[in-house]
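Sequences are here, hints too, so could you generate the full structure?
Quick note, in the working numbering, the sequence shown goes up one by one and the last residue is 419.
Hint data in this document are derived by calculation from the structure and do not stem from the laboratory.
Distance windows between CB atoms, simulated:
1. E258 - A324: 20 to 28 Å
2. D294 - F376: 24 to 32 Å
3. A202 - S371: 15 to 23 Å
4. A301 - T381: 24 to 32 Å
5. Q372 - N244: 44 to 52 Å
Note that the Cβ used here is the ideal one computed from N, Cα and C, for glycine as well.
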Amino acid sequence: MQTFTPGGAALLMAAFVMTADAGESSSKPFKLHTRRRVADNNAHQPAKYQTIEKTVEWNPKQTAIVICDMWDDHWCQGAARRVAELAGPMNKVVHAARRQGALIIHAPSSTVDFYQDTPQRLRAMNAAFARPPVPLSTDERWGTRWCWPDKQREPDLPIDDSDMGCDCAKKCQIRDAWTRQSAAIDIEPADAISDDGQEVYNLLEARGIKHVILMGVHLNMCVLGRPIGIRQLTYLGKDVVLMRDMTDTMYNSQKKPFVDHFTGTDLVIEHVEKYWCPTITSVGLVGGKPYKFQEDRRAPR
119 MQTFTPGGAA
129 LLMAAFVMTA
139 DAGESSSKPF
149 KLHTRRRVAD
159 NNAHQPAKYQ
169 TIEKTVEWNP
179 KQTAIVICDM
189 WDDHWCQGAA
199 RRVAELAGPM
209 NKVVHAARRQ
219 GALIIHAPSS
229 TVDFYQDTPQ
239 RLRAMNAAFA
249 RPPVPLSTDE
259 RWGTRWCWPD
269 KQREPDLPID
279 DSDMGCDCAK
289 KCQIRDAWTR
299 QSAAIDIEPA
309 DAISDDGQEV
319 YNLLEARGIK
329 HVILMGVHLN
339 MCVLGRPIGI
349 RQLTYLGKDV
359 VLMRDMTDTM
369 YNSQKKPFVD
379 HFTGTDLVIE
389 HVEKYWCPTI
399 TSVGLVGGKP
409 YKFQEDRRAP
419 R
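Here it is as structure tokens:
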């Protein structure tokens, strides 16, 4: 694991003399089992959805992983606890993808200045400009550009997050909590760091990247809405999937639809599968079983 300090470019430049995972890349394709939900429309009744599963093979060198907002802390104690738990398994997934040649983009929104002058930050800032096929969102929210819900494409989310989604017994006070990405997720020499939509698009185009795997938090907010998130990358024409066992939501189970936190997350995953993109699990990259949070005590489905 590499240690970052503000302005610590010298330390990071030295890291380039070390053996990087990217140097061990292979040509073996990613074999990913995708899931999406397709409407079976009938004019006389509301849309019903079929679950469609398909195995796809992606060239790792044409694939990027974007890690959204896996910060070092969070104003909600429950959210912070789940992010800390998720960071270790996510790091294993990232290492596996990197070894096969995928580009890893770390996107800890509104904290990228922590990494100023590092090679990974400069890599994103200095990538050659690529003109997007559609205008990027210019709206702002929470320190970055923002893609709001598209009412022509998607209905309201299936959970009520109007209270910001803290599920703790004693509600946490909203505060400025994060300063960087979780140190449990390694940032290696070949990676990039950005929370900017144009910078990320530049990186993807410069490397001929067609496929993007999104992971991180929180699905009902930042993973969908950030300028490096599902909505924006889909508008840009990228082949996007969500890694559904490497995400979480901000959902308070005392709000509609009054289900437990993890069922609420599953409902948002279904929303993504219906209106935006397929989902996958980490099994396609690291084997085993899909990751399950320790607090998720539901019976296997």
